[in-house]
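S.K.: Modelling step: build the complete structure from the supplied sequences, incorporating the hints.
As given, the protein sequences belong to chains A and B, one line each in that order.
Here the numbering used here is used: the first residue of the first sequence is 1, the next is one more, and so on.
Here the numbering used here is used: the first residue of the second sequence is 1001, the next is one more, and so on.
These are computed hints drawn from the structure, not numbers from a lab.
Incorrect hints may appear among the rest.
[Claimed, not checked] Calculated lysine-lysine pairs in the DSS-like style (CA-CA distance at most 25 Å, straight line):
1) A/Lys14 x A/Lys45
2) A/Lys14 x B/Lys1021
3) B/Lys1043 x A/Lys60
4) A/Lys14 x B/Lys1067
[As the list claims (entries may be wrong)] Cβ-to-Cβ under 10 Å is the rule here; a few derived chain A residues that face chain B:
5) Lys14
6) Trp42
7) Leu62
8) Gly64
Cβ coordinates follow ideal geometry from the N, Cα and C atoms, glycine included.
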Amino acid sequence: MNIMNEMESFLSEKGAPDIEQFIDKNLQITQQIYAYLEARSWSQKDLAKALGKSEAEISKWLSGTHNLTLKSLTKLETILEQDIITTPQMARHMYEQVRFVKVNVYASVNVPVYSEEYIELNTSKPYKLQLLKAS
Amino acid sequence: MDQLNLKVNTFVILLPVTRFKRITYYTVRVEHDDLPLFTKFIKRHASPEFKEDMDLIRSWMRNLGEKIGASTDYFRQENHAHAIPPSIGLTKKGCGLRLYCLRVNHRVVILFDGGEKTSQRAQDCPIVAPHFELANRLALAIWRVLDEGQLQTNEYDDLVLVPNLKIAL
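M.R.: Below, the structure written as structure tokens:
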């Protein structure tokens, strides 16, 4: 194997499955936290203040390789007022309750069209939306 | 680590390693050396003793490469250079290995060499100190050629490799 292939194959090889899963989940979680922070226009400093932790500690929590405890995660969920982890069973339960979704469609600046409809969720058929001219 | 003779002009050559959806990884080879720095790192840590740490670094690099990109949040700042992984990880002892690199932008990461960090400050660790020093010299040299326009990025923020470009340290 030549030198370049050796480096490439190192990166493409899979490691221990538990480590792969650990990194994958950890990055998913930190990405979710960063998204919540961005939505609130919060910096890591704001989060540290809200949690009563040092900035260095929060930076470590959000590094993507830190072993966050469930206790730390629930503290974060409480402060951010959002779920960070939702199990598949809980997600199914939550979304089974949704029967109707409101759809607003805005299109084209030159020919303004506007549609506001309630559609019943039915996974067995595709949805067709009719675009109406704004009155 | 082989000591570089910094009294004479030392040049490095930039080499692509692999391209993922969101990150292209590069490395450098010191002129007259047989192996690029990242290959040296892989070879020196191929023993079972480092398997867990290497798995962690590899998985982390691939995940960022495929899904996230080189966000600054996920790199340790090491003066002018960077290092991975950013924090202690899965194992009780944490990840002792440091791989020095340069995060150029969200698309480009240039991998150097590294080792097992045994003290709080990289400069105080006999194993990683030379890698830390070299990574910082390399980082400054690469920023210099980028600033001077000898090395450029394309519309996707990836590097445009120039054949035979030798970067002076």
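S.K.: Evaluate each hint against the coordinates.
M.R.: Results of checking the hints against the structure:
1. A/Lys14 x A/Lys45: Since the Cα atoms of A/Lys14 and A/Lys45 sit roughly 36 Å apart, the hinted pair is violated (cutoff 25 Å).
2. A/Lys14 x B/Lys1021: Status holds; Cα separation ~17 Å.
3. B/Lys1043 x A/Lys60: Given pair B/Lys1043, A/Lys60 is violated - Cα atoms ~29 Å apart, limit 25 Å.
4. A/Lys14 x B/Lys1067: At roughly 16 Å apart (the allowed maximum being 25 Å), B/Lys1067 and A/Lys14 satisfy the hint.
5. Lys14: Holds, because the Cβ-Cβ distance from A/Lys14 to chain B comes to roughly 8 Å (cut-off 10 Å).
6. Trp42: Not OK, violated: A/Trp42 not within 10 Å of chain B, min 14 Å.
7. Leu62: 6 Å, holds
8. Gly64: Because about 5 Å separates A/Gly64 from the closest Cβ in chain B, which is inside the 10 Å limit, the hint holds.
Checked against the numbered hints listed earlier, the structure breaks hints 1, 3 and 6; every other hint is satisfied.
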